[in-house]
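Visitor: For reference, the chains in residue letters:
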Amino acid sequence: MTKITFGKAINSAIDQAMALDKSVICYGLGATDPKGIFGTTLGLEKKYGKKRVFDMPTSENAMTGVGIGASMVGIKPVMTHQRLDFFLLALDQLVNGAAKMHYMFGGTVNIPITIRLILGRGWGQGPTHSQNLQAWFAHIPGLKVVMPSSPEDAKGLLISSIFDPNPVVFLEHRWLHNTVGEVPDNDFRIEIGTSKKLVDGNDITIVSMSYLTIEAQIAEKYLRKNGVSVDLIDLRSIKPIDMKAISESLKKTGKILVLDTGFTTCSVSSDIISRVLINNFEFLTHPPAQIAMPDVPEPTSFGLTKSFYKRAADIAKKVLDMMGIDSLDPFNDLPPPAPHDVPGDWFKGPF
Amino acid sequence: MDIKDKTKLDLALDKEILFNIYYVMRRIRAVEEKIVEEYPKKQIRCPTHLSIGQEGVPAALAQVVTKHDYAISTHRGHAHYLAKGGDLDKMIAELYGKECGCSKGKGGSMHLIDVEQGFMGTSAIVGNSIPLGVGLALSLELKGLKNISCIFLGDGAIEEGSFYESLNFAVLRKLPTLFICENNLYSVYSPLDVRQPIDRQIHTIAEAVGAKTACCDGNNVIDSYETLNTICQEIRSGSGPWFVEFETYRWREHCGYNYDNDIGYRTEEEYETWKRRDPIKTFVDYLKNNYSIEVVNKLEQIDQNIFKEVEEAFEKAKKASYPDPSHAYTSIYCQ
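Protein chains in written order, with my numbering: chain A, 56 to 406; chain B, 243 to 577.
Hint data in this document are derived by calculation from the structure and do not stem from the laboratory. Honestly, I wouldn't trust all of these hints.
As the list claims (entries may be wrong) - Taking lysine-lysine and the DSS-like style, the derived pairs with C-alpha atoms no more than 25 Å apart in a straight line are:
(1) A/K307 with A/K361
(2) B/K283 with A/K106
(3) A/K101 with B/K385
(4) B/K388 with A/K105
(5) A/K77 with B/K388
(6) B/K454 with A/K77
(7) B/K416 with B/K257
(8) A/K106 with B/K385
(9) A/K105 with B/K416
(10) A/K101 with B/K416
(11) B/K388 with A/K106
Bear in mind that the values here come from a model prediction, so they are computed numbers and not experimental data.
Chain B extracted, bound-state conformation (with noise of 0.2 Å):
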């Protein structure tokens, strides 16, 4: 479906959007490329499913959403809470297991939280977070706010019932969500032709099931911003739940630091074709090609900022300490 009188970025006027767009992305790449380099020297001990490859998306959402909207992630969510404000010293202590990390050291990579900034977590288990989406979007209906619930979710998620009976639920409430489904084409190695019919696109199962729906370019960011800003304006003013597929593709391994090209399940040549449509790079070369030198210089000021708070945010981690042993046997319920 095409989303009709969608807004479009002015570009003499909304040149900090672009700027921030820029920031998040790059924000999002530089503290997972840092932990590919840390990673090897074993201190991060949990399992990490790294964005690089889809930092366009959970960009674009950033500008449209603010604290007070609700968004819930996956195991791979280090791009969505990092998106949505959550803080980075605090993530990078959980990856490091450490008392100040966001979850105390008792969650790690795949459970990160940040519940000032309106991110209520992340999963393990595929499509078990959904339902909380919308439960969080249950309770902005009953509270009468007009904020919206962010759902992101991989195309593996549609494979599972929780799905199907979430967003059931949503449609018949009319509930303010948005699905942000990530496509990146593979659940672990299983590639998107052995698990759903090969002519399928799965935004119109959302269709089917009540939801409006768009499909977007997740590698092409001012689309992705242009489409999600319309969207969420929608839900904003009561038209109910949103499904969007986003096209995108993860560069390295499900989980891990490395590439895995080689072993077999998909090929080097289908990899380089999709790191051709890197987000950060169009997105650059976007902004060369329209935009005089002086924009084209403060981003690499934007980046000397963003290596500069990274290498930060990993340095204190590093240094601070474990959490007291006897905290394993604590909080188990809430007192």
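With the rest of the complex left out, here is chain A (with noise of 0.2 Å):
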């Protein structure tokens, strides 16, 4: 084990995975530049050359489908886009291919390609360059989808990622970064589909996803020293889903809060609390709960984002409404990090 940021986590699952596999290929616009993808992709081009890294022209449907076309006859790639929202260019053949192609030529292809896509908030980012579209790539049969929250875990679902058989969407926070945590140094894999319970309790459970898992852990803290006792549990994969472990903890807690970093409307905290509904109404002991982003795109201002994005505070404060504790005021214990809209002194911008 060895303390990494998350980026390096990422880099070194790349890493790793190269080294196994010849048939593993890194490429994005800026996988070889100076700063390789928020140094994700550092370092590959020189010990891989450039015939298996390689940076690509502003082409992001066509470099999907010539990922897509090269992983029909067993290359796998590993493709990375800065911004989610420019992968929106191509979601033709994401959908009307990667996902498809196993199912409608009867199993006879299977498409092993990973896509990763940097998603976020803050910093001016603005409309459209910090999309949570998670739900929109999980509404697709065909697609797995990943976002997961630490160091450790972006290695071990990337590695799992890049080897799985069919088309993954990895999906990383720009937040997340630069957080540290130990990672192990060999190869290994997580499960996709697996979720992860990172705090045992009894009176709620929380569903976290992604950014939104460290802002539920400081919430957590919390509301244990102040005597609410949070079944945390990061989803790490939005599909499949984990809603076995879900149902488990709501049948111990009764209460769900469901977090989640995308816009609220047909958003996958939605879809959990209705598959909650409709398949564990009887656990339910209060009406379950969701934050998630309103349904306005994101603005640009600094002015116009200080109380925007969901934090800490939002969190615990759903929480003691649920459990109908009025005594505290989070907004006042858990204040924003100033300026509100970065996640550490670190972030300098734009990237």
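Relying on the hints, combine the two individually framed chains into one complex.
Guide: Below, the structure written as structure tokens:
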């Protein structure tokens, strides 16, 4: 185990996958530039050569198709986009192609492509540089969608994604890249579709994903200190989704709050709550709750985003309301970081 | 661009090639005409785009590629599948939605594939399969193989962004790609002059992007053969991408089995003009004028074999069973 950043864990996962298997290739706009996609692809070109690690034309759609075509005959591409929003130009290839080909060609081909998309919030990224569209991808049969929140999970899930015989959309929150954690040095895999129990508790289930897990952990500590016991589940995979873990937790707590980095309508969190209502209604002692982004484009201005992002205090407040506790003021106890629109001092924007 | 030193067919030596061109072309037409006969019976229940009138180019290509080369195609892909060696029985069964179809009934006419023959699929979305073909070529480069990737596209796909993006990358990486543009003048019912500037020649666009290009009458199969033969040799020796535009014409409606010259988007006259250039008839006339009666008689024998083969394929497909309904829920992921 070594303490490394989330970004370095991604780098290490690709590195080890490329060392293990010559059919793994890595490309994306900026993959070989001096910044190496937030450090995640640094050093790979030197180690594995220009044929396997390359920059690409600004052609998101075709380059996705190129990866899919190559993957039909055994190449395992890892393609990266610095913003999920850029990748929207490639939805035809993803939805009509990668997701369907194994099925519509009767199982004769499979598409082992991994598409890394970076999403986020803050620092004026605004309406078209910050969208968390995991629900879109999860909606499409044939895709797997992964959204880790810790460096260890990032590495274990990325190696699993690369060697999965199916297309995997691997979503990295920009605010996680510089978080630090213990990560195994060797090749290790985490099964896609398994969630992780971060804290065992009895009063309420919180289901979280990606960066909101960081905020949820802050809220959980605060709640624990104030006598509320949270069962905290980090989803890690959006599709397949680990509903089993959620319903087991709910059976114990009777209350559920689902956190979502995406817009509210037709969101992953809405879907989880819908499944809970359909399948686990009898466990509920309180209406289920949801914290997601409002159904508005993300504004750019520093002034407009002050209370826009959901954070630990919002989570704690929601839990306290559900528990019927009104003696605490989490907005006072858990003040927002200053400035509010960056994950930490290291973040100098725009990238 | 004229191709210098085009390898000419040696009419004395290459008789087998001539017979084989005829076989592929005639077989495609026989299959398509059988579909015309069967389609109204409503047992083939999927959108079907016939290649009648456009058999020449695939038949020519069939002579210069092997199953180790790749090909990928479009919604109008029957001819390409068959020319590349795709299994006839499995294709017809696929049209009938049967378990033994090439895509196990999950794809239909627009999703034909025969991986063993290097025919890597067709797409129902215009422009969608072009980058896949470039990706197949990239795999050849990565694996150090000397084969080529053939990408069938139509004049409509030239208007898609994916075409430019794909060609650009193929040129950038000098990938072993052969873009085969069958220009049949129409995208569904929209003629070229409402879609592209009237004085444009499509192949010049590819030339501007950096591919080597040629233009050829797709109804003249011998010229198509000589052109593709020369070009494929060049690609195999490392020339990088070639783009060849072929003049072609689909005889029947965009999707379905009828003639539709009466609905007003093109004229009966135009259709008749192109029909006179029928690639099969032109080819047979050529053989009749240049070869002995024995050669011509051989064609009749080929015909008989084809008709028998096609009849049998349809009979088998009709008799075959549908997939179990539970199969609708399988193969979503590769295990």
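Visitor: Compare the structure with each hint and give your call.
Guide: Tested hints:
no., hint, result
1, A/K307 with A/K361, "violated (36 Å)"
2, B/K283 with A/K106, "violated (52 Å)"
3, A/K101 with B/K385, "holds (19 Å)"
4, B/K388 with A/K105, "holds (19 Å)"
5, A/K77 with B/K388, "holds (19 Å)"
6, B/K454 with A/K77, "violated (32 Å)"
7, B/K416 with B/K257, "violated (34 Å)"
8, A/K106 with B/K385, "holds (10 Å)"
9, A/K105 with B/K416, "holds (14 Å)"
10, A/K101 with B/K416, "holds (22 Å)"
11, B/K388 with A/K106, "holds (16 Å)"
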